[in-house]
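Here's the letter readout for the chains.
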Amino acid sequence: MRTACFVIACVLVGSIASAQTAKIQPTPRTADGKPDLSGVYQASPRRGGWDAEAPGDEPGVPAPRSAVNINTTVSDPIPYTPEARKRAQDILNQRSIDDPTTRCIFAASPRITGVGLFPVQFVQTPTQVIILYEYMWAHRVIPIGAKHPDDLSPSFMGDSVGHWEGNTFVVDVVGFKPGGWLTGGLVTSDALRLTERYTRVDRDQLTYEVTIEDPKVLTKPFTQRTTLMLREGARLREYSCAENNMDPAVYEKMLKDPASSTSFIRGK
Amino acid sequence: MRWVIAVAVLSSTAVLSAHHSFGVAFDATKTVMLTGVITKIAWTNPHTHVWVDVKDASGQVVNWTLEGYPPNVLERTGWKKDVTIKVGDTLTFFGWRARDGSPFAHLREATLTDGKKLYFGPPAGTGEGPATVK
Numbered sequence: 005m006r007t008a009c010f011v012i013a014c015v016l017v018g019s020i021a022s023a024q025t026a027k028i029q030p031t032p033r034t035a036d037g038k039p040d041l042s043g044v045y046q047a048s049p050r051r052g053g054w055d056a057e058a059p060g061d062e063p064g065v066p067a068p069r070s071a072v073n074i075n076t077t078v079s080d081p082i083p084y085t086p087e088a089r090k091r092a093q094d095i096l097n098q099r100s101i102d103d104p105t106t107r108c109i110f111a112a113s114p115r116i117t118g119v120g121l122f123p124v125q126f127v128q129t130p131t132q133v134i135i136l137y138e139y140m141w142a143h144r145v146i147p148i149g150a151k152h153p154d155d156l157s158p159s160f161m162g163d164s165v166g167h168w169e170g171n172t173f174v175v176d177v178v179g180f181k182p183g184g185w186l187t188g189g190l191v192t193s194d195a196l197r198l199t200e201r202y203t204r205v206d207r208d209q210l211t212y213e214v215t216i217e218d219p220k221v222l223t224k225p226f227t228q229r230t231t232l233m234l235r236e237g238a239r240l241r242e243y244s245c246a247e248n249n250m251d252p253a254v255y256e257k258m259l260k261d262p263a264s265s266t267s268f269i270r271g272k
Numbered sequence: 015m016r017w018v019i020a021v022a023v024l025s026s027t028a029v030l031s032a033h034h035s036f037g038v039a040f041d042a043t044k045t046v047m048l049t050g051v052i053t054k055i056a057w058t059n060p061h062t063h064v065w066v067d068v069k070d071a072s073g074q075v076v077n078w079t080l081e082g083y084p085p086n087v088l089e090r091t092g093w094k095k096d097v098t099i100k101v102g103d104t105l106t107f108f109g110w111r112a113r114d115g116s117p118f119a120h121l122r123e124a125t126l127t128d129g130k131k132l133y134f135g136p137p138a139g140t141g142e143g144p145a146t147v148k
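For the protein sequence lines, the chains are A and B, in the order given. Counting from 5, one number per residue, gives the positions in the first sequence under the numbering used here. Counting from 15, one number per residue, gives the positions in the second sequence under the numbering used here.
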């Protein structure tokens with residue numbers, strides 16, 4: 005395990021080192037001088053082409069290049085309320101069996117942004133930014149300079165409005181349905197508010213920082229950060245999650261079977 | 015400084031699930047590596063599935079169901095629909111068995127007829143989260 009971690013660490017150090025030595029190109033800008041976020045990206049620490057995994061020599065041994073499965077999200081400690089912490093531990097004990105994504109329910113950002121297996125496309129106009137997620141085939145339309153609508157209906161990904169603060173596109177997201185799963189067993193409430201900050205720091209790199217507030221499950225806000233890298237030539241392809249979703253039926257069968265119903269629970 | 019960054023990234027690698035938790039259906043302590051003949055392929059979301067006839071020690075044929083990445087991920091990592099694998103091909107697979115002991119497995123590494131190895135699914139443990147709340 006230590007060796008595996010060392011290998012992964014070396015890969016990461018290597019990619020960071022190569023990132024530091026690669027030619028950094030300036031941030032593209034639109035005609036009105038704003039940074040242009042448009043492009044197809046992947047959550048990844050590595051610049052250049054798609055981070056394809058390649059198997060190693062030995063089955064089951066982590067590959068020397070295993071970037072596809074690296075989650076680049078760095079999180080502050082999550083300040084759960086005592087009740088939310090207990091619920092999170094219950095979820096982890098049950099290995100996240102009730103994760104809504106198993107039933108193809110959308111996951112809000114930052115989760116949907118950080119899944120490096122799938123690309124994310126930004127389309128920017130002077131009046132809105134549209135984010136297209138291959139994962140779950142979801143999208144967000146973010147008007148610039150607008151207010152949240154008065155007739156807001158709660159939704160899985162919330163309602164987003166954006167504005168520019170210098171070179172950073174800041175997005176306020178509210179209006180969530182309760183029960184969303186973000187990370188580490190954190191189940192959010194209808195009081196969830198995200199403040200997202202998107203900064204294209206150079207041509208390849210789009211940094212994403214999100215402050216998560218939810219006074220019903222958190223004692224204070226906390227922040228997560230993810231790096232998205234431009235993937236030139238990559239295109240979004242349809243992901244129809246309900247097409248052949250066999251897993252909920254398997255889980256249901258497991259839960260009905262007393263012998264297997266607890267076999268996956270940690271500590272049993 | 016580079017090491018500090020690397021450690022910070024590593025400490026955050028609570029890999030998020032794309033669709034569902036590995037550990038509910040599969041047991042990371044029960045590896046399986048078998049060779050058989052492909053009988054069916056479902057190139058579908060949210061998971062691609064391959065069915066493989068494997069002859070056991072007594073000569074009896076068991077049809078295994080193997081689960082992996084969705085087609086989009088496979089196609090970005092070197093797979094081609096109807097080209098890389100076809101019904102009738104021989105496939106060697108390494109993965110982890112279903113907890114219920116049925117011939118159902120999470121396929122990690124596939125060895126093709128020409129000896130080429132490709133990943134078909136993520137590592138064990140993906141999506142189930144750490145053991146304790148941090």
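Mixed in with the good hints, there may be bad ones.
[To be verified] No farther apart than 20 Å at their CA atoms in a straight line, the calculated lysine to aspartate or glutamate pairs in the DMTMM-like style are these:
| # | chain 1 | residue 1 | chain 2 | residue 2 |
| --- | --- | --- | --- | --- |
| 1 | B | 131 | A | 247 |
| 2 | A | 151 | A | 169 |
| 3 | B | 131 | A | 61 |
| 4 | B | 54 | A | 247 |
| 5 | A | 224 | A | 213 |
| 6 | A | 181 | A | 102 |
No lab work stands behind these hints: they were computed from the structure.
Against the structure, the hints:
1. B:131 / A:247: Status violated; Cα separation ~28 Å.
2. A:151 / A:169: Roughly 16 Å between the alpha carbons, so the hint for residue 151 of chain A and residue 169 of chain A holds.
3. B:131 / A:61: Between residue 131 of chain B and residue 61 of chain A the Cα gap is close to 9 Å, so the pair holds against 20 Å.
4. B:54 / A:247: The given pair, whose Cα atoms are some 17 Å apart, holds under the 20 Å limit.
5. A:224 / A:213: With a Cα-Cα distance of about 17 Å, the restraint between residue 224 of chain A and residue 213 of chain A holds, given a limit of 20 Å.
6. A:181 / A:102: 16 Å, holds
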